[in-house]
Amino acid sequence: MDFGGINPVILIAGLMATSVPILLAALGEAVVERSGVLNLGVEGMMIIGALGGFVVAVHTGSPFMGFVGGAIAGAVLSMIFAALTQVFLANQVATGLALTLFGLGVSSLGGQGYNGIKPPATTGLLPDALAQIPVAGPILFGHDAVVYFSILMTAATWYVLKFTRIGLIIRAVGESHDAAHALGYKVNRIRLMCIMFGGAMAGIGGAYVSLVRVPQWVDGITAGAGWIALAIVVFASWKPWRVLAGAYLFGGISVLQLNLQAAGSAIPVEYLSMAPYVLTIIVLVIMSSGRRKAAVGAPASLGQNFHASR
Amino acid sequence: MKRRHLLASASLALGMAFGGSAFAQGLDKVKACFVYVGPIGDGGWTYQHHEGALALQAEYGDKVEIQYQESVPEGADAERVLTQMALGGCNIIFATSFGYMDPVNAIAGKFPNVKFEHATGFKRDHANVSTYNARFYEGRAVQGTIAGMMTKSNKIGYIGSFPIPEVMNGINAYYLAAKKVNPEVELSVVWAFTWFDPAKEADSAKALIDQGVDVIAAHTDSTAPLAEAAKTNGAVIGFGQASDMTAYKPSPRVSSIIDNWAPYYVKRVGALLDGSYEQADIWAGIVDGEVEIGEITDAVPAEVKAAAEKVRDDIAAGTLHAFTGPIKKQDGSEWLADGVTAPDGDLLGMDFFVEGITAEVPK
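Protein chains in written order, with our numbering: chain A, 2 to 311; chain B, 783 to 1145.
Certain hints may be false.
[Said to hold, decoys possible] To be clear about the criterion: a stretch of chain B counts as covered by chain A if any three or more of its residues have a C-beta under 8 Å from a C-beta of chain A, and this derived list gives those stretches: (1) 813-826; (2) 833-843; (3) 984-990; (4) 993-1007; (5) 1090-1102.
[Stated by the list, open to error] Okay, derived cross-link-like pairs now, SDA-like style, lysine to any residue, Cα gap no bigger than 20 Å in a straight line: (6) B:1013 x A:148; (7) B:1013 x A:127; (8) B:1013 x A:116; (9) A:187 x A:177; (10) B:937 x A:8; (11) B:811 x B:836; (12) B:1145 x A:167; (13) B:1013 x A:301; (14) B:1013 x A:11; (15) A:119 x B:1031; (16) B:1031 x A:122; (17) B:1013 x A:269; (18) B:1013 x A:13; (19) B:1145 x A:279; (20) B:1013 x A:139; (21) B:1145 x A:267; (22) B:1013 x A:177; (23) B:1013 x A:121; (24) A:119 x B:1145; (25) B:1145 x A:276; (26) B:1145 x A:269; (27) A:163 x A:301; (28) B:1013 x A:272; (29) B:937 x A:267.
The set of hints was computed from the structure by calculation and includes no laboratory data.
Even for Gly, the Cβ is constructed at its ideal location relative to N, Cα and C.
Here chain A stands alone, though its shape is the one from the complex:
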């Protein structure tokens, strides 16, 4: 069952794992942006999460604790952003960019001495017998826990944002912070919680890179995944299931192009290499040119600071 030397089952199983870091980070950022905050520091939070997760996993010997550590590290870094933008009302774009630079630098410093160490292995969640089932096995049962967690989080984020009171409050704060404030909601406190959630998710995404995808620590390990996550949030018009679709599309094309190369495809390598980015741009253009413009999906207060005195 091969197409041009590519086994679709292995491809799908591969893309699910490849997409996890950008999916988790993008889900977190979607919630942050839904609450009206533009945090461009995703890359910085991811790499701090990658380092934090790696260090904790190496010292405790437990991959699970590693992911917890990654989440905490990402959340702690995001608190710097929260303090600057929510308390001191600094410009969000500038602060976010600074957060990325800061995260990259701190992770490089903190990672000294962790080069060349192997973290404890993250194994498959379900028994191997299930993963041996043809077709369904590798796709549905062959993954580690974080892959299932990422899908679960997509569903949870979607449910919470759409059907719960908390979700309604987050959206209200993001659409009109003045109205939400008039109703008695603590705008900055709610945003702070959302930023922390975004930081934790980015941190777990980063930890997945250093603990599962690459299993080691090297400087600059996330190599721009955070920026892809930011693009996917816009691509998805801030909707969780579309974030999943966007992440899988990007991850899928990335894996497919490498597999096509390895299989000796006749398509020139340059086209294969740029395919993920070109496709992302095309979908963005299509989605923002239709009658329901993507810009309509953007929270109305996105990127604006709030202070009760105004």
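Guided by the hints, dock chain B onto chain A, whose structure is given.
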């Protein structure tokens, strides 16, 4: 732009006033600067250059001051960094990646009193630009021998960075050596189009493994391909690239190519100190100690180890050349006649695959 010219000409004037005659009799103190394409913590290419820089410091102590900048992108940013270093009093600047070629030659013209050393390039537009390179392909021939003998699926893989001569040499030498010991062997090439992106390098290795490849050579800078191979519990082996990568011993890392830049850096800065410095074009290999073959581990059978070591020793002795005819190009045209070895010029400009490789060269 104006300001840069002003600064450049100011420093030029300064250089003429104070440094004009200094080079003839050597310098009392040398400030040696290094431009790195990746982070020192990459565990590979940049790590080895930094080891060379540290060896320099250890050799000359107070007489040498080291300065470096990590993760400098190839392109316009490199010009900025090189200019800053030249203005900052660097006497000699080592630019350690192929992509710094044009920036180095552009900036070198503005600072005739600063020595520029460009790794793996071939352009020397000005008298103060030298190039230095290592014959990595000699090490690839050793790896290819191991790959050809060790593969069970008869599929071997190579993760390429960019289709530049240095990488083309490596792929062809690796394939030819493997083919020599195993005529059935097939080579898959994946281009990552990056020197350093651990996640992408790991994905490239995974794609090769998914295609049935069981020996992977990488021409990128991190240890990620080995980490990916390590997940297969010994089914897939690979090689340390640029650095020994001992963390993955004894398997999947069964051997390695170690770039040993330290002797060259010590020699060049030494020449600057004693006044014997001259423009140079160095291409050193196994025999010079610039390309070292890391320990071949017991994960390979003794006869494979012996065969690989013989290739290494024969290359060092000069009795074997990685490219010895008859070799045809991929399109079937004649390249080297029987018994002829490849001239350096052909290798330095190599832009083709040899016959038998099915992948296409990106243009």
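Right, here's what the structure says about each hint:
no. : hint           : result
1   : 813-826        : holds (count 6)
2   : 833-843        : violated (count 0)
3   : 984-990        : holds (count 6)
4   : 993-1007       : holds (count 5)
5   : 1090-1102      : violated (count 0)
6   : B:1013 x A:148 : 17 Å, holds
7   : B:1013 x A:127 : 17 Å, holds
8   : B:1013 x A:116 : 18 Å, holds
9   : A:187 x A:177  : 13 Å, holds
10  : B:937 x A:8    : 17 Å, holds
11  : B:811 x B:836  : 16 Å, holds
12  : B:1145 x A:167 : 54 Å, violated
13  : B:1013 x A:301 : 47 Å, violated
14  : B:1013 x A:11  : 16 Å, holds
15  : A:119 x B:1031 : 12 Å, holds
16  : B:1031 x A:122 : 17 Å, holds
17  : B:1013 x A:269 : 30 Å, violated
18  : B:1013 x A:13  : 19 Å, holds
19  : B:1145 x A:279 : 19 Å, holds
20  : B:1013 x A:139 : 16 Å, holds
21  : B:1145 x A:267 : 14 Å, holds
22  : B:1013 x A:177 : 50 Å, violated
23  : B:1013 x A:121 : 12 Å, holds
24  : A:119 x B:1145 : 38 Å, violated
25  : B:1145 x A:276 : 17 Å, holds
26  : B:1145 x A:269 : 9 Å, holds
27  : A:163 x A:301  : 17 Å, holds
28  : B:1013 x A:272 : 30 Å, violated
29  : B:937 x A:267  : 18 Å, holds
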